[in-house]
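4 protein chains.
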Amino acid sequence: MAALFRGCRNFYKRSHKHVELTLVSCRSMASKTPVGFIGLGNMGTPMARNLLKHGYPVIATDVFPESCKEIQDSGAQILDCPAEVADKADRIITMLPSSPNVIEVYTGPNGILKKIKKGTLLIDSSTIDPAVSKEMAVAAEKMGAVFMDAPVSGGVGAASLAKLTFMVGGVEEEFNAAQELLTCMGANVVYCGQVGSGQAAKICNNMLLAIGMIGTAETMNLGIRLGLDPKLLAEILNMSSGRCWSSDKYNPVPGVMEGVPSANNYQGGFGTKLMAKDLGFAQSTATSTRTPIPLGSLAHQIYRIMCAHGYSNKDFSSVFQFLQEEGYSRSSGSDPDSA
Amino acid sequence: MAALFRGCRNFYKRSHKHVELTLVSCRSMASKTPVGFIGLGNMGTPMARNLLKHGYPVIATDVFPESCKEIQDSGAQILDCPAEVADKADRIITMLPSSPNVIEVYTGPNGILKKIKKGTLLIDSSTIDPAVSKEMAVAAEKMGAVFMDAPVSGGVGAASLAKLTFMVGGVEEEFNAAQELLTCMGANVVYCGQVGSGQAAKICNNMLLAIGMIGTAETMNLGIRLGLDPKLLAEILNMSSGRCWSSDKYNPVPGVMEGVPSANNYQGGFGTKLMAKDLGFAQSTATSTRTPIPLGSLAHQIYRIMCAHGYSNKDFSSVFQFLQEEGYSRSSGSDPDSA
Amino acid sequence: MAALFRGCRNFYKRSHKHVELTLVSCRSMASKTPVGFIGLGNMGTPMARNLLKHGYPVIATDVFPESCKEIQDSGAQILDCPAEVADKADRIITMLPSSPNVIEVYTGPNGILKKIKKGTLLIDSSTIDPAVSKEMAVAAEKMGAVFMDAPVSGGVGAASLAKLTFMVGGVEEEFNAAQELLTCMGANVVYCGQVGSGQAAKICNNMLLAIGMIGTAETMNLGIRLGLDPKLLAEILNMSSGRCWSSDKYNPVPGVMEGVPSANNYQGGFGTKLMAKDLGFAQSTATSTRTPIPLGSLAHQIYRIMCAHGYSNKDFSSVFQFLQEEGYSRSSGSDPDSA
Amino acid sequence: MAALFRGCRNFYKRSHKHVELTLVSCRSMASKTPVGFIGLGNMGTPMARNLLKHGYPVIATDVFPESCKEIQDSGAQILDCPAEVADKADRIITMLPSSPNVIEVYTGPNGILKKIKKGTLLIDSSTIDPAVSKEMAVAAEKMGAVFMDAPVSGGVGAASLAKLTFMVGGVEEEFNAAQELLTCMGANVVYCGQVGSGQAAKICNNMLLAIGMIGTAETMNLGIRLGLDPKLLAEILNMSSGRCWSSDKYNPVPGVMEGVPSANNYQGGFGTKLMAKDLGFAQSTATSTRTPIPLGSLAHQIYRIMCAHGYSNKDFSSVFQFLQEEGYSRSSGSDPDSA
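Chains as they are written, first to last, in the numbering used here: chain A, 1 to 339; chain B, 1 to 339; chain C, 1 to 339; chain D, 1 to 339.
Calculated directly from the structure, the hints in this document are not laboratory data. Heads up, some of the hints might be wrong.
[Stated by the list, open to error] Residues from chain B that face chain A, not an exhaustive set, calculated with beta carbons under 8 Å: (1) ALA200; (2) LEU232; (3) ASN265; (4) GLN267; (5) GLY269; (6) ILE293; (7) LEU298.
[Claimed, not checked] Listed next, the stretches of chain C that the computed footprint assigns to chain D, with coverage defined by at least 3 CB atoms under 8 Å from CB atoms of chain D: (8) 204–213; (9) 239–252; (10) 290–302.
All C-beta atoms, glycine included, are put in the ideal place defined by N, C-alpha and C.
Excised from the complex, chain A in its bound form (with noise of 0.2 Å):
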């Protein structure tokens, strides 16, 4: 792993970047200068906690007033507008549902855009469509400031006791800097290539994820079908080449496993309708890269049809509860169509 988390690097050897350097580092000298944190939802308000926690003063803004009022009695301050958060700040964090709102955010008519300063550090949390992430980043550098996309991995629980992961994309010189603050908020912080990179890892990540947790549960399903017992089922396949982390870390079967959604009726966790969301824009990805991904693509779909039969606010470990056939027990005696 240490590859992964980069140190201190040389920039004085790439002379052509160097007035942007100085700016970088005026930023570094001065770390306890307020941060800027646009988007105050269930992640984005544990997030800018930890950066109180760690002594950053936080100046906040929310499309929804009431979503403010948490944080401010933490002690940030509440601005009224992206802009104005970029007016104070030279470091701003921001963690939004989904692209159109980081659009709205960054190149609205009271975006960030609007009063930003030359040299600022943009650092975008929010997972959205790749493309997304790099037209900021060329409306940010037109503005004379940094873009880097660090979509996280990890729920609410791992943003409270800053566990998240990072994975950060955008110019490698500005790496230390993003790092700075993500640690605060992170456990691992990931540098994985240009602007968009992160989004890209974030990508491939729940795509795998997708398809092992649905595969999980039509494995698990199965073997119960042919007369297993799922707490044995679970442990051969960990101990064998069938382990993933939805078989050894969050199973979908109820009674496997305890502390997982499954355990919980589905409730909690990471719902079906943000995996369908994360699935739709690696599939785009696929798509625009003409990408083959035949079962990541019918992992797709299949989170998508849950999605019109309920399934939208359940953990995506649900998929077990959607493919299990109700009754099947009852009726395998007498069904006639058997054969």
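Position chains B, C and D relative to chain A; hints supplied.
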């Protein structure tokens, strides 16, 4: 894992099993009596050799006389046919390539059941249709013998090093007797339930393995297209929820890992044709139990198509190569259809 | 189509078939002798009635005595079991729900083969596994009888109106004899080849039907989401290369056509459960012949999942309803995930 | 079908459209004034020639000067760039290979919109992303011009014979004006709704076409494996509910039909690469409207994989060849894995 490895059990509680248990005891008390071994292929030969190493005399046969040479040199006695082996040994292990071979070796004109002795323990380590395992168990029971299915996980290397995993199905009272022999050839011996459960467990594991492998191949390919470094992407997946055996132990992308088939032009390992065969069992059992397996089923179709395109004997991780667009980098800049 | 309907053939060229052919001739010459009919369900009863209408005495039985009432009132003689029918008729038609029923009716303790006469013509119109058809043919041949598989296309309505299509497999020399009876009950009688070919043809047709239906449902749903009028879209498809039976004769979108199940809340028609059963046969035969059927296999999984969600008894065109996102129009404007 | 072909409509009822309509009238009254044509590829050249045949002077251009030669010889005037065409013609048809080309031709530095006259009618027959069609319409409207999308169904042959089908999207008041020109080049001109509807209809048709084609290929392949004669199977499907355009007009199995690409080694016809492109549009629009398209999506993946295996320029019916197992007949008797 402790629960998987059964130790002593109190046989006397179940008095109606008395006669059978007496026979079991006879076998156990004379544990270094000869063991029969039928099927001396790439797997069977090293397995039989491990029995010899543990001091068991081995009486063996194979339909191809030339296959017998190697184990004969190691000290095994070679007989003409399965019936003769059954005449001389009361514990017999079979390791055969497919269901028809198993049927022939057990119930054919020179088959085991022609000369089997009451109380003989039959352990079939072939990977076959669980329905055939059940048929063989019924046929054996009629002759007063006991049949257990014990398919293996792990390839030729694991067979040589006695590191196989055995998944065992059959009457629980006989598990100790089977375990005595199987531990000479494997590191894990897992009791899965009634006859056919070993096959069921193996089918389940391999279905999830296939899904994880194709998913990993798709994900790595997509990430590379999106500009991510393959080694970095593998590291990110393996520290995140996308992690699976195929990403962290058997990565399908050349250059990411050493000592795996992808590092050796997909030579060695577990052939695509064999994976397609196992997925066929998954498909059949899913169809007969009316279990939906959308990803498992698509994985089956993909490996089946690969067999039609020259991948039969390549390792199953070659699905990465199959999905990768040939000449992609050359055409990406000029193709007018890349809208 | 002319090629499909075989006329007279010169039996005498094949002298080694002489004895058998003599028996065939006996049957043919006495064509209004009683015909046996076993299986008096929704399909069997109107089929048997059409035989009566054409002047054939019918000797019938069913495992449920109450099912016999209707055909008895129409003039058929009711017997106790298949064996008794075989004792009194030398031409027998069976119409049963599944493979196990067929096995029981033919080879069970009171089955047809217990009292069958040499030269009897057995026509099975059930839709079953082609492998079972072949087994029954072998068993019949041992008794000197002839077995043909003749599954039907068309539902209860076509059965009543004698508009069924029969797909017939078996020795070609017997096709005329079978055709004599089948034309009383159907509009098309097609000779498909050796025993099992009728089942094979039906499986193939229904697999393509399922693919076309799901494809039509997806396409109509997508077009509606893109703002197209469903009737207009159906017209465009039907004049273009997207045209298929499901789009032009059985459109699954309510309001596009009259007189189809989609116009009647998916009541009537061909149940999802029955389609899932037929797709199971397609899957099994594809697996055993190692034929890749990616879309057919996914269609199977989709109908299987639908069965788990309350669609078992709805017409198979209800896949449109299954795929349609509930409450889509309401949420489309406000969902923050619609990036 | 009558409803699809709109005749005269009373423009005067909609007085708020008055100015625009006056312009329309001007165009219509001077109907044999020059028509611009941009994009002189395999499709564009015969389309432009059909305009010339109907007496319309044609002013044309193409990015490749050599492409202009043929239509110049037929009597068209060749100009240097789209802007010049727009300067001289108030009705312009574009036929381009992809979205980026359309964007360049309309909004590029020498694009149509640089010199467009108020009231100009722009008809784009390219198959592109409906979102791009909408953008072009907005850009045109700002300049006082009218943009309609009118993608075609039918290939080079239909283009030569003026037998294309045009699916037209745009303001209904302009449909008559578009129809006047399009009927010179096509047999069917269908009004589909607002701008982008033509693209939507084409995408829908081609998605269902792809599904039907792959389904037909799978079904024919399975039937052949089960011993059915391909011609007979095609006849049975075409008289039954499995019937679709791909089975009855464009059968993918060599030897079943004449005059189709499968009879000519899959040369000519509609290339796999082009089908993959259209399915990419289906996938993108489905993803953005959150519509589940399980079969459409899998069809997309299959054509994408085919492009990676040398099928790009073969007709899309070559999926039969892709799915067929190589050397199947030879290995079927001896393969030990055929359990």
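Quiz item: Are three or more residues of the region 204–213 of chain C within 8 Å, CB to CB, of chain D?
Solution: holds (count 8)
Self-check item: Given hint GLY269 of chain B near chain A, where the shortest CB pair must fall under 8 Å
Solution: 11 Å, violated
Quiz item: Hint check: is the beta carbon of GLN267 of chain B less than 8 Å from a beta carbon of chain A?
Solution: Violated. Min distance 19 Å.
Quiz prompt | Hint check: 8 Å Cβ-Cβ cutoff, LEU232 of chain B to chain A | solution = Holds. Min distance 7 Å.
Self-check item: 8 Å C-beta criterion, at least three residues: is the region 239–252 of chain C covered by chain D
Solution: holds (count 11)
Exercise. Let me know if the C-beta of ASN265 of chain B comes in closer than 8 Å to any C-beta of chain A, holds or violated.
Key: Cβ of ASN265 of chain B sits 21 Å from chain A, so the hint is violated.
Quiz item: Does ILE293 of chain B pass the interface check with chain A, least Cβ-Cβ distance below 8 Å?
Solution: Status holds, d = 5 Å.
Practice problem: Could you check if LEU298 of chain B really has its C-beta closer than 8 Å to a C-beta on chain A? | Solution: This interface hint holds because 6 Å falls under the 8 Å limit.
Quiz item: Does ALA200 of chain B pass the interface hint, meaning its C-beta sits closer than 8 Å to a C-beta of chain A?
Solution: 4 Å, holds
Quiz item: For the region 290–302 of chain C, do three or more residues have a beta carbon lying closer than 8 Å to a beta carbon of chain D?
Solution: Since 10 is at least three, the answer is holds.
In this structure, the hints that do not hold are numbers 3, 4 and 5, in rising order.
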